[in-house]
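Visitor: Residue numbers (UniProt numbering), protein chains in the order written: chain S, 1 to 155; chain C, 1 to 105; chain U, 1 to 259.
Hints are computed from structural coordinates only; laboratory data are not their basis.
Note that the structure is predicted; figures quoted are calculated from it, not measured.
Be aware that a few hints might be false.
[Said to hold, decoys possible] Using 25 Å as the maximum straight-line C-alpha spacing, the simulated DMTMM-like pairs for lysine to aspartate or glutamate come out as follows:
no., chain 1, residue 1, chain 2, residue 2
1, S, K93, C, E28
2, S, K53, C, E18
3, S, K85, C, E87
4, S, K55, U, E39
5, C, K83, U, D46
6, S, K55, C, E18
7, C, K38, S, D121
8, S, K124, C, D61
9, S, K124, C, E28
10, S, K124, S, D142
11, S, K93, S, D121
12, C, K79, C, D15
13, C, K12, S, D82
14, C, K79, S, D82
15, C, K79, S, D81
16, C, K12, U, D46
17, S, K85, C, E85
18, U, K168, U, D184
19, S, K93, C, D61
20, S, K124, U, E39
21, S, K55, C, D61
22, S, K85, C, E18
23, S, K53, C, D15
24, S, K85, C, D15
25, S, K93, C, D91
26, S, K93, U, E39
27, C, K83, U, D47
28, C, K79, C, E18
29, S, K55, U, D46
30, S, K93, C, D43
31, S, K85, C, E80
32, S, K55, S, D133
33, S, K55, C, D15
34, S, K85, C, E56
35, S, K85, C, D61
36, S, K53, C, D61
[Stated by the list, open to error] Per the computed footprint, the stretches of chain S lying under chain C, defined by three or more beta-carbons under 8 Å from a beta-carbon of chain C, are:
no., segment
37, 60 to 68
38, 91 to 103
39, 113 to 122
Glycine included, every Cβ here is placed at the ideal spot set by N, Cα and C.
Residue-level listing of the chains:
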Amino acid sequence: MPTTRRQFLNLAGGVTVVGAIPIVTLRPLRATPAMLNTAVRNVVGEAQIRTGKVKLDIPPLVENGNTVPMTVTVASPMTADDHVKSIHVFNEKNPQPNIGNFYLNPASGRAQISTRIRLADTQKVIAIARLSDDTFWQVAADVVVTLAACTEEMN
Amino acid sequence: MAALVNVPARAKRGDVIEIRTLTSHIMETGFRHTADGKLVPRDIITGFTCRYNGAEIFRADLFPAIAANPYLSFFTIAKESGKFEFEWIGDNGYSSTASASITVE
Amino acid sequence: MTIWRAIAAAALFATAPALLAGEIPPDARRSGYSFMGPETRTMQDDDTSNPGMLFVLDGEQLWGKQSGSAEKACADCHGDARNSMKGVAARYPAFDKAVGRPVTLDQRINLCRANHQQAAPLPYESRDLLALSAFVAHQSRGVAITAGDDPQVKSFVDQGRDLFMQRKGQLNLACTNCHDDNFDRRLAGAPITQGQPTGYPLYRLEWQTLGSLERRLRSCMSGVRAQAYDYGSPELVALELYLMSRARGLAMETPAVRP
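This is chain S alone, in the form it adopts within the complex:
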């Protein structure tokens, strides 16, 4: 159970914030494999997704699932006829499978984006790149979350 530490330490501060809404729990409606598949298909259509070209830098073990730094890099010359058009990031087990869509062009110079994401549980993160020739390339990474994000439980 990812909430173990919280259950006996309850270091959550939600209840102590003066004037804030005391948030109790999230009953994680989880994204199902079918939802993930639909979200991916919404982006790639019927195209084949190949493995390679894409690199996903994300810590394998995170201290807190609320703010996980992540960088996606695609091997591409970023020229007018050979560049990355977009990068799409998905997750397996948050309530919703999408994380972000990022649109690039030859003026980007380098096919790399970074952001910080929420991971409600130990799970897979998937990054898919669409190249200018409309081929799709993907990579997946496993992330172990020691504390579940989004749940701030009260005593």
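Starting from the known structure of chain S, fit chains C and U onto it as the hints suggest.
Guide: Chains C and U only, in chain S's frame:
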């Protein structure tokens, strides 16, 4: 509320430069409940755009899985002196902007 | 279930031989920063990616903005904070003659609002109060902590120390059991640190926002299933003062980032 944008003040023509942005926003997921069981409505930034002298150079769609106070870093080629404009839009008519200038030689 | 886990945690500390007993010698004092993973450190180190800096920027705005019926801004009396506020937070909580006891930085800011701006106090943990105290404390980043040196606050430091050593709550644990005797160990996967107050107000990933030292202490108290002291209560101020005196010589880090 504040936004932090980081663009190099100067660059050589043709350099690939990194742009970093951080903006204040709670990114309420819409999946949490209050003590009495009511759903806390979603309140997130849904879109981000960066323009360089008027032309869009980067755009992103954001979802509830983006952490509070969204951070984004991306690259562009320094082609001429001028201005970067940043725009964040979101739920409940949210909109905020920031800008930064660059000297390219 | 929760209770079983709670008892398991208490048993851990009752049976495990303590590595250290009692207070941490000055040269062994370490900020919570040194216990963090590389990603969280990077987030704190780089001002352009430290989310706490968003609050510092908000505080800078408020510093120059008139408030209250006196129509004065902080800057009207204190000028450039980079000079006037440098090192101030490293001395807080500090003795206030008018009230006859130590006040926290948040309380000092509200005293200025009441006495000098004729403005209503800002609520604890409100964005504006956090932003102002983050902006003021940021001016002390890198300055060594000296709070508690003033002889007028000695009895309050002692009171805070007693509270730190006192077992509390359903788990019957004292702050010292975790933060003096068991730092460097892990509690359900997360490292226990020395509980040093160097970075406040700080951005906690768990909170997804900036929070005060008092918020942190209150969560540690609920953690051992004890009734948390109220914001601004003499007990909480004494604990805060003891923690600062216990961190003597460590550098301020505001705004720090913690998991």
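Visitor: Run every hint past the structure and note whether it holds.
Guide: Hints, verified against the model:
1. Distance restraint check for S/K93 and C/E28: the Cα-Cα separation of roughly 18 Å lies within the 25 Å cut-off, and the hinted pair is therefore satisfied.
2. At roughly 21 Å between alpha-carbon atoms, S/K53 and C/E18 fall within 25 Å of each other, so this suggested pair holds.
3. This hinted pair checks out: S/K85 and C/E87 have alpha carbons roughly 20 Å apart, not beyond 25 Å.
4. A hinted pair counts as satisfied when its Cα atoms are at most 25 Å apart, and S/K55 with U/E39 qualifies at roughly 18 Å.
5. For the hint linking C/K83 to U/D46, the alpha-carbon distance of about 24 Å falls within 25 Å, and the restraint holds.
6. Distance hint between S/K55 and C/E18 is fulfilled; the C-alpha atoms sit about 18 Å from each other, no more than 25 Å.
7. Between C/K38 and S/D121, the direct Cα distance comes to roughly 23 Å. Compliance with the 25 Å bound is thereby established for this hinted pair.
8. Between S/K124 and C/D61 the alpha-carbon distance is near 20 Å, which keeps this suggested pair within the 25 Å criterion.
9. Of the pairs offered as hints, the one joining S/K124 and C/E28 holds, with about 23 Å between alpha carbons and a cut-off of 25 Å not exceeded.
10. For the hint linking S/K124 to S/D142, the alpha-carbon distance of about 4 Å falls within 25 Å, and the restraint holds.
11. Note on S/K93 and S/D121: the hinted pairing holds, with a Cα-Cα distance of about 7 Å set against a maximum of 25 Å.
12. In summary, the hint linking C/K79 to C/D15 is supported, as the alpha carbons are separated by about 8 Å, within the 25 Å threshold.
13. Distance restraint check for C/K12 and S/D82: the Cα-Cα separation of roughly 24 Å lies within the 25 Å cut-off, and the hinted pair is therefore satisfied.
14. Annotation: proposed proximity of C/K79 to S/D82 holds, straight-line Cα distance about 20 Å (limit 25 Å).
15. The hinted pair formed by C/K79 and S/D81 meets the criterion: a straight-line CA distance of about 19 Å does not exceed 25 Å.
16. Restraint check: the Cα-Cα separation between C/K12 and U/D46 comes to about 24 Å, which is no more than 25 Å; the hinted pair holds.
17. With a C-alpha separation of about 21 Å, the suggested pairing of S/K85 with C/E85 holds against the 25 Å cut-off.
18. With a C-alpha separation of about 22 Å, the suggested pairing of U/K168 with U/D184 holds against the 25 Å cut-off.
19. Note on S/K93 and C/D61: the hinted pairing holds, with a Cα-Cα distance of about 20 Å set against a maximum of 25 Å.
20. Restraint check for S/K124 and U/E39: satisfied, since their Cα atoms lie roughly 19 Å apart, inside the 25 Å limit.
21. Of the pairs offered as hints, the one joining S/K55 and C/D61 holds, with about 20 Å between alpha carbons and a cut-off of 25 Å not exceeded.
22. Distance restraint check for S/K85 and C/E18: the Cα-Cα separation of roughly 18 Å lies within the 25 Å cut-off, and the hinted pair is therefore satisfied.
23. At roughly 23 Å between alpha-carbon atoms, S/K53 and C/D15 fall within 25 Å of each other, so this suggested pair holds.
24. Annotation: proposed proximity of S/K85 to C/D15 holds, straight-line Cα distance about 20 Å (limit 25 Å).
25. Proposed proximity of S/K93 and C/D91 is supported: the alpha carbons are some 24 Å apart, at most 25 Å.
26. Our distance criterion of 25 Å between C-alpha atoms is met by S/K93 and U/E39, whose separation comes to about 22 Å.
27. For the hint pairing C/K83 with U/D47, the CA-to-CA distance comes to about 22 Å; that is within 25 Å, so the pair holds.
28. Between C/K79 and C/E18 the alpha-carbon distance is near 13 Å, which keeps this suggested pair within the 25 Å criterion.
29. With a C-alpha separation of about 23 Å, the suggested pairing of S/K55 with U/D46 holds against the 25 Å cut-off.
30. At roughly 21 Å between alpha-carbon atoms, S/K93 and C/D43 fall within 25 Å of each other, so this suggested pair holds.
31. Our distance criterion of 25 Å between C-alpha atoms is met by S/K85 and C/E80, whose separation comes to about 23 Å.
32. Note on S/K55 and S/D133: the hinted pairing holds, with a Cα-Cα distance of about 19 Å set against a maximum of 25 Å.
33. Between S/K55 and C/D15, the direct Cα distance comes to roughly 23 Å. Compliance with the 25 Å bound is thereby established for this hinted pair.
34. Taking the CA atoms of S/K85 and C/E56, the gap is about 13 Å. The hint holds against a cut of 25 Å.
35. Only pairs whose Cα atoms come within 25 Å are accepted, and S/K85 paired with C/D61 is accepted, the gap being roughly 14 Å.
36. Distance hint between S/K53 and C/D61 is fulfilled; the C-alpha atoms sit about 22 Å from each other, no more than 25 Å.
37. For the segment 60 to 68 of chain S, the stated coverage by chain C is satisfied: 3 residues place a CB nearer than 8 Å to a CB of that chain, which reaches the threshold of 3.
38. Given as covered by chain C, the segment 91 to 103 of chain S passes the check, having 10 residues with a CB less than 8 Å from a CB of that chain where 3 are the minimum.
39. For the segment 113 to 122 of chain S, the stated coverage by chain C is satisfied: 7 residues place a CB nearer than 8 Å to a CB of that chain, which reaches the threshold of 3.
When the structure is compared with the earlier hints, no violation turns up for any of them.
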